[in-house]
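Trainee: So you can see what is in the structure, the chains are spelled out below.
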Amino acid sequence: MSFINYASREINCKIVYYGPGLCGKTTNLQFIYNKTAQEAKGKMISLATETERTLFFDFLPLALGEIRGFKTRFHLYTVPGQVFYDASRKLILKGVDGVVFVADSQEERLDANIESLENLKDNLEEQGYQLEKLPFIIQYNKRDLPNCTPVEELRKLLNPEGVPDLEACATSGEGIFETLKMVAKLVLIDLKKGG
Amino acid sequence: MLGPQSSLVMYDEEYKRIMVLIEKLIRESNSKVIFLVDKNGQLIAATGETEHLDTTSLASLTAGNIAATGGLAKLIGEKEFSILFHEGEKDNIHISIIGGRVILVVIFDERSSLGLVRLRVKKASKELEVVFDDLARKSESHAESPGVDSPFAEITDDDIDNLFN
Ligand SMILES: Nc1nc2c(ncn2[C@@H]2O[C@H](COP(=O)(O)OP(=O)(O)OP(=O)(O)O)[C@@H](O)[C@H]2O)c(=O)[nH]1
Ligand SMILES: [Mg+2]
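Chain order of the listed sequences is A and B.
For reference, each letter of the first sequence is one residue, going 1 to 195 in my numbering.
For reference, each letter of the second sequence is one residue, going 1 to 165 in my numbering.
For reference, chain A alone in the conformation it holds in the complex (with noise of 0.2 Å):
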């Protein structure tokens, strides 16, 4: 749900990053916020267990520059990937303007993908949102790792919508910068539609 205000001309949109434990969520988060000049972002805020794993999640506010002289800010959030979170992951989805799948490359993680993709959908709906109708894309992270899946087997299973998507490594940044930018201008494109 964005926030247009007239008064401060500014619109304010909310993007969540979704996906299974350990894919790599956070991490594209702080490759964001460390590549990204000073004044065009706020404090990222981690609320995360002592081993790192989000808790609650991260949040990092980011001002994009204006359109038709209105200032875009964008709050990017990511949801606590382990499965017993399931309760503040429905929490970060109020409101959301648009969804990052990020799904974790490596072989072993297949079916936390898929597990993962599900509870996407079963949350959005629980809270009346269709994920089709919803700007979303899917990031297939950890390319660099040499046990991963091919992408067009992770396309067949996470992505037979064919859904904007692409390959990424979060670590390196590889993807990343991308990745925001797809799903930024899906969102504007969405607001531009009156959605």
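These are calculated hints, taken from the structure and not from any lab test.
Note that the coordinates shown come from a computational prediction; the quantities given were computed from them, not determined experimentally.
Ideal Cβ placement from N, Cα and C applies to all residues, glycine included.
Possibly wrong hints are sitting among the right ones.
[Claimed, not checked] Each computed EDC-like pair below joins lysine to aspartate or glutamate, with the alpha-carbon atoms no more than 20 Å apart:
| id | chain 1 | residue 1 | chain 2 | residue 2 |
| --- | --- | --- | --- | --- |
| 1 | A | K193 | B | E110 |
| 2 | A | K121 | A | D111 |
| 3 | A | K71 | B | D54 |
[To be verified] Here are some, though not all, of the chain A residues that point toward chain B, as calculated from beta-carbon distances under 8 Å:
| id | residue |
| --- | --- |
| 4 | N5 |
| 5 | Y6 |
| 6 | N12 |
| 7 | K41 |
| 8 | R53 |
| 9 | K71 |
| 10 | H75 |
| 11 | C169 |
Place chain B with the ligands on chain A using the hints.
Mentor: For chain B with the ligands alone, kept in the frame of chain A given last:
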């Protein structure tokens, strides 16, 4: 009230009315900082000693806090905890919900008291609720004629691409 999926819209007129109300509240309650946050974590308005405060982070964490306690409430069969209070060594935070959708946060120290804050918040909430109702009505009627004054009706692919350069 607005549905869960419609965008929140703020117009100049209502923004001014809101500012008048929270400025009055901060005076009458002797508090330090007041801000209003949408339940999704977007900052709507702020007043008081905000220069050294990261209001964006505050807004997001407040919404997370309300969401989490709302989840707790549901689990024990409550509708929602409409007031939260956190007591610190110097500063205290009073959080309440207005009209089911907007969160009002009041930060105060020993110059005020919980009793006073509670009293003033109660009165201000009623007045703020009226403004947010008006706002909901207004944005609903605007939504029926989409594009008329939306700054986004005419954006082009180039506009969007330019954002990232
Ligand atoms: N080799 C490699 N490791 C990665 C990549 N992306 C993330 N990692 C590592 O995977 C681990 C988990 O990353 P996080 O970003 O914390 O994962 P998460 O999805 O936030 O996990 P939860 O918070 O539990 O949901 C870290 O050790 C990262 O360094 C990648 O592209 N390649
Ligand atoms: Mg994480």
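Trainee: Now, for every hint given, state plainly whether the structure supports it.
Mentor: Results for each hint:
This hinted pair does not check out: K193 of chain A and E110 of chain B have alpha carbons roughly 50 Å apart, beyond 20 Å. For a cut-off of 20 Å, the pair hint linking K121 of chain A to D111 of chain A stands: about 16 Å separates their Cα positions. The suggested pairing of K71 of chain A with D54 of chain B holds, with an alpha-carbon distance near 18 Å, which does not exceed 20 Å. A hinted interface residue such as N5 of chain A counts as satisfied when its beta carbon comes closer than 8 Å to some beta carbon of chain B; here the least separation is about 4 Å, so the hint holds.
For Y6 of chain A, the interface hint holds, the least distance from its beta-carbon to any beta-carbon of chain B being 5 Å, beneath 8 Å. Below 8 Å, beta-carbon pairs count as interface contacts, and N12 of chain A has one with chain B at about 5 Å; its hint therefore holds. Hint status for K41 of chain A relative to chain B: violated, with the closest Cβ pair at about 10 Å, above 8 Å. Restraint check, R53 of chain A versus chain B: the minimum CB separation of about 17 Å is more than 8 Å; hint violated.
For K71 of chain A, the suggested interface contact is broken, since its CB lies about 11 Å from the closest CB of chain B, more than 8 Å. The restraint placing H75 of chain A at the interface with chain B holds, with a minimum CB-CB distance near 7 Å, inside the 8 Å limit. Taking 8 Å as the C-beta cut-off, the interface hint given for C169 of chain A is violated, the closest approach to chain B being about 20 Å.
The structure fails hints 1, 7, 8, 9 and 11 (numbered hints given earlier, in ascending order).
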